[in-house]
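Asker: Protein chains in written order, with our numbering: chain B, 1 to 113; chain A, 114 to 226.
Simulated from the structure, these hints should not be mistaken for lab results. The beta carbon of each residue, even a glycine, is placed where N, CA and C say it ideally should be. Misleading hints may appear alongside valid ones.
[To be verified] Computed list of lysine-lysine pairs in BS3-like fashion (alpha-carbon distance at most 30 Å, straight line):
| # | chain 1 | residue 1 | chain 2 | residue 2 |
| --- | --- | --- | --- | --- |
| 1 | B | K71 | B | K56 |
| 2 | B | K42 | B | K71 |
| 3 | A | K170 | A | K126 |
| 4 | A | K126 | B | K42 |
| 5 | B | K68 | B | K56 |
| 6 | B | K56 | B | K42 |
| 7 | A | K126 | B | K71 |
| 8 | B | K68 | A | K126 |
| 9 | A | K170 | B | K71 |
[Claimed, not checked] A few chain B residues that don't get close to chain A, going by computed Cβ distances all over 10 Å:
| # | residue |
| --- | --- |
| 10 | S12 |
| 11 | I20 |
| 12 | K42 |
| 13 | P44 |
| 14 | D49 |
| 15 | R57 |
| 16 | R61 |
| 17 | H72 |
| 18 | S93 |
| 19 | R96 |
| 20 | N99 |
| 21 | G106 |
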Amino acid sequence: GESVGLHLPTLSVQEGDNSIINCAYSNSASDYFIWYKQESGKGPQFIIDIRSNMDKRQGQRVTVLLNKTVKHLSLQIAATQPGDSAVYFCAESPARTGNQFYFGTGTSLTVIP
Amino acid sequence: KAGVTQTPRYLIKTRGQQVTLSCSPISGHRSVSWYQQTPGQGLQFLFEYFSETQRNKGNFPGRFSGRQFSNSRSEMNVSTLELGDSALYLCASSYGTLGYEQYFGPGTRLTVT
């Protein structure tokens, strides 16, 4: 049958503002998480990761928060720039499954100059 | 350090044919994973290879297979192509197979007509 495209949440922010992208993961056994950025025509680009024994991790202009109680991840981007416009995915890896990652549907971020 | 490379970048095949895609991981990485990305299903895990052994396999039919060579380069093969196999096939490499950062290549865009 005809395939229907995934409903992609969208987020539009003004340049210079902070962005928050949310992700609900499904498996309480997941113990490693990665945020990826994917620009049109390119493969996903690693942004930041976090393990289940942490609640927060910071990188350059990005912060990932992990709430295991409600199975929720968020990616915060400070001082969002036009180059940040892309689709952002969270990926979860259940414990002891090696590099088998399950990806969310993604969020499309548009930065308005 | 060079990133993950995939060849070819674009491929057009007809139904019933078979195809082989190639992936060269980042130098020193021994784990290679393959993913299929489509608008309808998003990013889905195909399989992972580590030290020439398949460690994990996703929920795909047996027409999808892969292998890894002693230099960690990997190939995936799809036999008896179907229209629904049209997708972006992504390869990702990682140093190890439990909780290591995973980096993606640019992908191979396969179109089946």
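Asker: Take the hints in turn and mark each one as holding or not.
Answerer: We went through each hint and held it up to the structure:
1. K71/B with K56/B: Holds, because 14 Å separates the two Cα atoms, which is no more than 30 Å.
2. K42/B with K71/B: holds (29 Å)
3. K170/A with K126/A: holds (25 Å)
4. K126/A with K42/B: Given that 30 Å is the threshold and the Cα spacing comes to 21 Å, the pair holds.
5. K68/B with K56/B: Satisfied, since the Cα-Cα distance of roughly 11 Å is no more than 30 Å.
6. K56/B with K42/B: Within the cut-off at roughly 28 Å; holds.
7. K126/A with K71/B: violated (41 Å)
8. K68/B with K126/A: Since the Cα atoms of K68/B and K126/A sit roughly 44 Å apart, the hinted pair is violated (cutoff 30 Å).
9. K170/A with K71/B: Roughly 25 Å separates the two Cα atoms, so the pair holds.
10. S12: For S12/B, whose nearest Cβ neighbour in chain A is about 21 Å away, the distance exceeds 10 Å, so it holds.
11. I20: I20/B clear of chain A: closest Cβ-Cβ about 21 Å, beyond 10 Å.
12. K42: violated (6 Å)
13. P44: Its Cβ does come within 10 Å of chain A, the nearest being 5 Å, so this is violated.
14. D49: violated (6 Å)
15. R57: holds (12 Å)
16. R61: For R61/B, whose nearest Cβ neighbour in chain A is about 18 Å away, the distance exceeds 10 Å, so it holds.
17. H72: Correct as stated: the minimum Cβ-Cβ distance to chain A is 19 Å, above 10 Å.
18. S93: violated (7 Å)
19. R96: violated (7 Å)
20. N99: violated (5 Å)
21. G106: Given that some Cβ of chain A is not farther than 10 Å from that of G106/B, nearest at about 7 Å, it is violated.
Of the hints listed earlier, those the structure fails to meet are numbers 7, 8, 12, 13, 14, 18, 19, 20 and 21, in rising order.
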